[in-house]
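Number of protein chains: 2
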Amino acid sequence: MARKLGKVLMKQEQEQFMAAAVAEARQAALLNEVPIGAVVVKDQQIIGRGHNMREHFQDVTYHAEMLAIMEACERLHSWRLEGCDLYVTLEPCIMCSGAIINARIANLYYGAADPKAGAVESLYHLMNDPRLNHQVQVASGVMQEECSQMLKDFFRAIRRRKKAARKKGRAGD
Amino acid sequence: MARKLGKVLMKQEQEQFMAAAVAEARQAALLNEVPIGAVVVKDQQIIGRGHNMREHFQDVTYHAEMLAIMEACERLHSWRLEGCDLYVTLEPCIMCSGAIINARIANLYYGAADPKAGAVESLYHLMNDPRLNHQVQVASGVMQEECSQMLKDFFRAIRRRKKAARKKGRAGD
Numbered sequence: 001m002a003r004k005l006g007k008v009l010m011k012q013e014q015e016q017f018m019a020a021a022v023a024e025a026r027q028a029a030l031l032n033e034v035p036i037g038a039v040v041v042k043d044q045q046i047i048g049r050g051h052n053m054r055e056h057f058q059d060v061t062y063h064a065e066m067l068a069i070m071e072a073c074e075r076l077h078s079w080r081l082e083g084c085d086l087y088v089t090l091e092p093c094i095m096c097s098g099a100i101i102n103a104r105i106a107n108l109y110y111g112a113a114d115p116k117a118g119a120v121e122s123l124y125h126l127m128n129d130p131r132l133n134h135q136v137q138v139a140s141g142v143m144q145e146e147c148s149q150m151l152k153d154f155f156r157a158i159r160r161r162k163k164a165a166r167k168k169g170r171a172g173d
Numbered sequence: 001m002a003r004k005l006g007k008v009l010m011k012q013e014q015e016q017f018m019a020a021a022v023a024e025a026r027q028a029a030l031l032n033e034v035p036i037g038a039v040v041v042k043d044q045q046i047i048g049r050g051h052n053m054r055e056h057f058q059d060v061t062y063h064a065e066m067l068a069i070m071e072a073c074e075r076l077h078s079w080r081l082e083g084c085d086l087y088v089t090l091e092p093c094i095m096c097s098g099a100i101i102n103a104r105i106a107n108l109y110y111g112a113a114d115p116k117a118g119a120v121e122s123l124y125h126l127m128n129d130p131r132l133n134h135q136v137q138v139a140s141g142v143m144q145e146e147c148s149q150m151l152k153d154f155f156r157a158i159r160r161r162k163k164a165a166r167k168k169g170r171a172g173d
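Here the protein sequences come in this chain order: A and B. All residue numbers for the first sequence refer to the UniProt record's numbering, where the first residue is 1 and numbers rise by one. All residue numbers for the second sequence refer to the UniProt record's numbering, where the first residue is 1 and numbers rise by one.
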């Protein structure tokens with residue numbers, strides 16, 4: 001019974017922090033960026049937040065995870081984020097997976113899988129490579145439905161806008 | 001003959017830009033950082049420079065390659081560094097390899113191999129994964145001797161300082 005309660009509380013906690021990552025992703029969508037958000041958590045406190053801003057700043061490194069990690073480093077005055085967890089709405093790419101490993105993040109929680117570029121379980125399994133000097137515990141599928149729906153809605157809206165622009169273009173011919 | 005001359009010129013050009021990366025690495029050493037330097041080149045011009053500043057800023061993302069790429073993005077006002085080459089003194093880690101791929105860098109030239117964390121040829125072969133939407137041409141061993149000697153000298157000096165500190169500690173007992 002205690003074990004079951006523990007699991008329920010753990011799920012609640014995970015969803016609480018993933019909800020904060022989802023809120024970050026919504027900020028990205030407001031900037032017309034692909035909606036991906038991330039938070040870094042230490043001792044039940046959020047110490048870093050980030051949302052995708054690659055287009056806005058035209059900087060290839062401005063992924064949600066990178067910005068959340070950079071903020072956490074600044075907050076702790078340390079590049080080592082030992083004992084910290086990272087929550088992100090989409091499976092990290094190679095770059096972000098490398099940053100997570102380099103920062104010694106303890107646990108990674110992600111929402112939706114990324115079959116095209118995900119480097120945690122889809123294309124690679126970078127988080128548990130015994131040759132590296134750090135391994136990261138992974139839990140996937142946290143609030144998966146909400147995280148992936150947000151992305152689907154975003155890309156559907158883009159397709160609609162493009163279709164409407166094409167129609168308008170033809171009407172003006 | 002023309003082909004041979006072409007090869008000589010190409011080698012000269014590679015060494016010219018790698019020398020700029022080595023100069024960056026020496027800047028890192030002056031800050032007591034592991035001496036790693038990088039430059040991004042487009043149309044024979046250096047458009048981004050970076051040296052490792054991880055300890056100085058306590059930011060896990062401040063690797064030489066990342067800083068050179070960020071500067072190049074700013075310079076071109078674009079996260080896509082198409083037609084750009086990256087020169088770096090040490091084989092890139094997973095994070096930097098991911099950034100190189102994400103930025104669509106055309107050619108990567110590196111000096112020394114990194115058997116413990118290199119993700120280009122040592123632990124992984126990330127640059128030519130056909131599942132990803134971009135592949136990078138790689139040339140390794142450019143000014144290898146100088147690049148690796150610089151690292152050896154740096155770590156030897158650290159060991160010496162530690163040994164001297166231990167001796168001093170014992171003398172003070």
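Check before you lean on any hint, since a few could be wrong.
[Claimed, not checked] 30 Å max Cα-Cα, derived DSS-like pairs, lysine-lysine:
1. A:K7 x A:K42
2. B:K116 x A:K116
3. A:K152 x A:K162
4. B:K42 x A:K116
5. A:K11 x A:K162
6. B:K11 x B:K42
7. B:K116 x A:K42
8. B:K163 x B:K152
9. B:K167 x B:K152
Calculated directly from the structure, the hints in this document are not laboratory data.
Outcome of the hint check:
With a CA separation close to 19 Å, the supplied pair A:K7 and A:K42 stays within the 30 Å bound. Between B:K116 and A:K116, the direct Cα distance comes to roughly 27 Å. Compliance with the 30 Å bound is thereby established for this hinted pair. The hinted pair formed by A:K152 and A:K162 meets the criterion: a straight-line CA distance of about 15 Å does not exceed 30 Å. Between B:K42 and A:K116 the alpha-carbon distance is near 28 Å, which keeps this suggested pair within the 30 Å criterion.
Taking the CA atoms of A:K11 and A:K162, the gap is about 39 Å. The hint is violated against a cut of 30 Å. Annotation: proposed proximity of B:K11 to B:K42 holds, straight-line Cα distance about 17 Å (limit 30 Å). Our distance criterion of 30 Å between C-alpha atoms is met by B:K116 and A:K42, whose separation comes to about 28 Å. The hinted pair formed by B:K163 and B:K152 meets the criterion: a straight-line CA distance of about 16 Å does not exceed 30 Å.
The straight-line distance between the Cα atoms of B:K167 and B:K152 is roughly 23 Å, inside the 30 Å bound, and the hint therefore holds.
Of the hints listed earlier, the one the structure fails to meet is number 5.
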